[in-house]
Amino acid sequence: MDWQAFALTLKLASLTTAILLCLAVPLAAWLVLGRSRWRAAAEAVTGLPLVLPPTVLGFYLLVLLGPLTGFGRALTGLLGHPLAFSFAGLVVGSVIYSFPFAVQPIVAGFTSVDRSLIDAARLLGAGKLRLLRTILIPLAGRSLLTAAILSFLHTMGEFGVVLMLGGDIPGATRTLSLVLFNQVEGFDYANANRTALMLLIFCVALLTVVYARPKSLAAGARHG
Amino acid sequence: MVEVDLKARRGSFHFEVACQFAAFWTVVFGPSGAGKSTLLRLIAGLELPDSGRISIHGRYMTDTEIGLRIPPGRRMTGLVAQQPALFPHLSVAANVAYGLAGRVDLGRQTRQQRIAAVLDLVGATHLADRSPKRLSGGEAQRVALARALAPMPRLLLLDEPLSALDAGSRDQVLSSLQDWLKTESIQTILVTHDAADALATEAEVALIAEGKLAAIGPASEVLASERERLLARLNCGQSIQARAVGKSKAK
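Here the protein sequences come in this chain order: Z and B. Quick note: the first sequence uses the numbering used here, first residue 1, plus one each step. Quick note: the second sequence uses the numbering used here, first residue 1001, plus one each step.
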């Protein structure tokens, strides 16, 4: 078992999930509460990673963050090193790739909140931020948990973007998915089996949390 | 005084109302689907008209010509609908306090006094610590009314707000509410499709039918035909009852 890759994968998934929640919650609130005509376009762009082959996304990110574009050169100048083939680059790629897995459950959760409650809060003077803090998040708390777990698991299992954008650098960009790929390629089926089993157990355990509907969360939604 | 001059289209339904609500207590009367709730939602700012303007106490809140739209929370307007829409994750007291949270001009003690006063007004003091999930329909409507009153709006919009209460309790709450609103100088527009409710007060009545204002004036004039109809039904009921009594005596 490659524990270095395991730790790196956990670090990548945790960081990606944290960043995703920070971005997805306000975006979902804007999509649900906003009236902008750009909403449909924003939703389409948000959902793009769902249908786009990961290698295509990885390739474009590689080009965008590399020395071929002005943006990539500026970023390299700012950081002192190129973002591609680094852990930071991997985080950027993972955030983009897992974006719909964070945004869509939260949008669904916020949409399910009774519209009359939102109207009542607005009439009582709540602005968008207060609506989000006091009504949407408490009443759609489960959707945030679902978004976090799905983003985490999706990041743990990603392969195409990691390979294209991060390469396969031990300790920097080599994740468990790449380790598994290398093990299979080297006919090391015993270790490949252990790595795959580890990923499988992790996914099943966390998905069970999503579907278990713990009583404490349900109670929290009622009495908060 | 509330002035509206509004046009709104909702599918095949055309809403077009232009009038002034000058009385302290106005009843908007009309059949279901006439556009009464739409009128209140437009005044409250929860919906936008296709064209027109709304002014509340001399201040324009909506004017489509210049793109003016004051958000609902800044209109100093309370709206209580048939569906109480209490926040299910907050206690009754926290629900009532919700509209006071942003009021930096009120001290903690004043807020507590205000919450206690409005809960007392609607007869819901004993419910303060309860969860809205454990309230009956009538109790929830009382709390929703208290929640709308707590921030002391300048205009109160009531859309059949006590429909879940029995007639006796409803009259009692409405009576004390009217007195309180008069003391606090809060203008009120009450929507109902029940002619008896509209006739029970000496209010100004606006009659709305198919999205248009059919008449506005004293209840006795605007609802004269409704009054006749109710009296005819009452007489009919009395004569049927008299015949039934006569038959049983003959037997």
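Just so you know, not all the hints are guaranteed correct.
What the hints assert, rightly or not - So these bits of chain B aren't anywhere near chain Z, every CB distance computed over 12 Å:
{"hint": "1", "residue": "Q1083"}
{"hint": "2", "residue": "H1089"}
{"hint": "3", "residue": "L1100"}
{"hint": "4", "residue": "Q1113"}
{"hint": "5", "residue": "A1116"}
{"hint": "6", "residue": "R1229"}
As the list claims (entries may be wrong) - Have a look at the derived ranges for each label pair, beta carbon to beta carbon:
{"hint": "7", "chain 1": "B", "residue 1": "Q1112", "chain 2": "Z", "residue 2": "R35", "range": "48 to 56 Å"}
{"hint": "8", "chain 1": "B", "residue 1": "Q1112", "chain 2": "Z", "residue 2": "V209", "range": "38 to 46 Å"}
{"hint": "9", "chain 1": "B", "residue 1": "Q1112", "chain 2": "Z", "residue 2": "H81", "range": "24 to 32 Å"}
{"hint": "10", "chain 1": "Z", "residue 1": "R35", "chain 2": "B", "residue 2": "G1107", "range": "23 to 31 Å"}
{"hint": "11", "chain 1": "Z", "residue 1": "A41", "chain 2": "B", "residue 2": "W1180", "range": "48 to 56 Å"}
{"hint": "12", "chain 1": "B", "residue 1": "G1102", "chain 2": "Z", "residue 2": "V209", "range": "30 to 38 Å"}
{"hint": "13", "chain 1": "B", "residue 1": "G1067", "chain 2": "Z", "residue 2": "A172", "range": "47 to 55 Å"}
{"hint": "14", "chain 1": "B", "residue 1": "E1065", "chain 2": "Z", "residue 2": "A74", "range": "39 to 47 Å"}
{"hint": "15", "chain 1": "B", "residue 1": "K1133", "chain 2": "Z", "residue 2": "R73", "range": "38 to 46 Å"}
{"hint": "16", "chain 1": "B", "residue 1": "H1057", "chain 2": "Z", "residue 2": "R39", "range": "51 to 59 Å"}
{"hint": "17", "chain 1": "Z", "residue 1": "F71", "chain 2": "B", "residue 2": "M1001", "range": "52 to 60 Å"}
Said to hold, decoys possible - Short, incomplete list of chain Z residues facing chain B, as computed with Cβ under 8 Å:
{"hint": "18", "residue": "G47"}
{"hint": "19", "residue": "D114"}
{"hint": "20", "residue": "S116"}
{"hint": "21", "residue": "L117"}
{"hint": "22", "residue": "D119"}
{"hint": "23", "residue": "A120"}
{"hint": "24", "residue": "A121"}
{"hint": "25", "residue": "A126"}
{"hint": "26", "residue": "L129"}
{"hint": "27", "residue": "R133"}
{"hint": "28", "residue": "I135"}
{"hint": "29", "residue": "I137"}
{"hint": "30", "residue": "P138"}
{"hint": "31", "residue": "L139"}
Everything labelled a hint here was simulated from the structure, so no lab data went into it. Beta carbons: idealized from backbone N, C-alpha and C, even for Gly.
Need the list of violated hint numbers for this structure, in ascending order. 1, 2, 3, 7, 9, 10, 15, 16, 18, 26, 27 and 29
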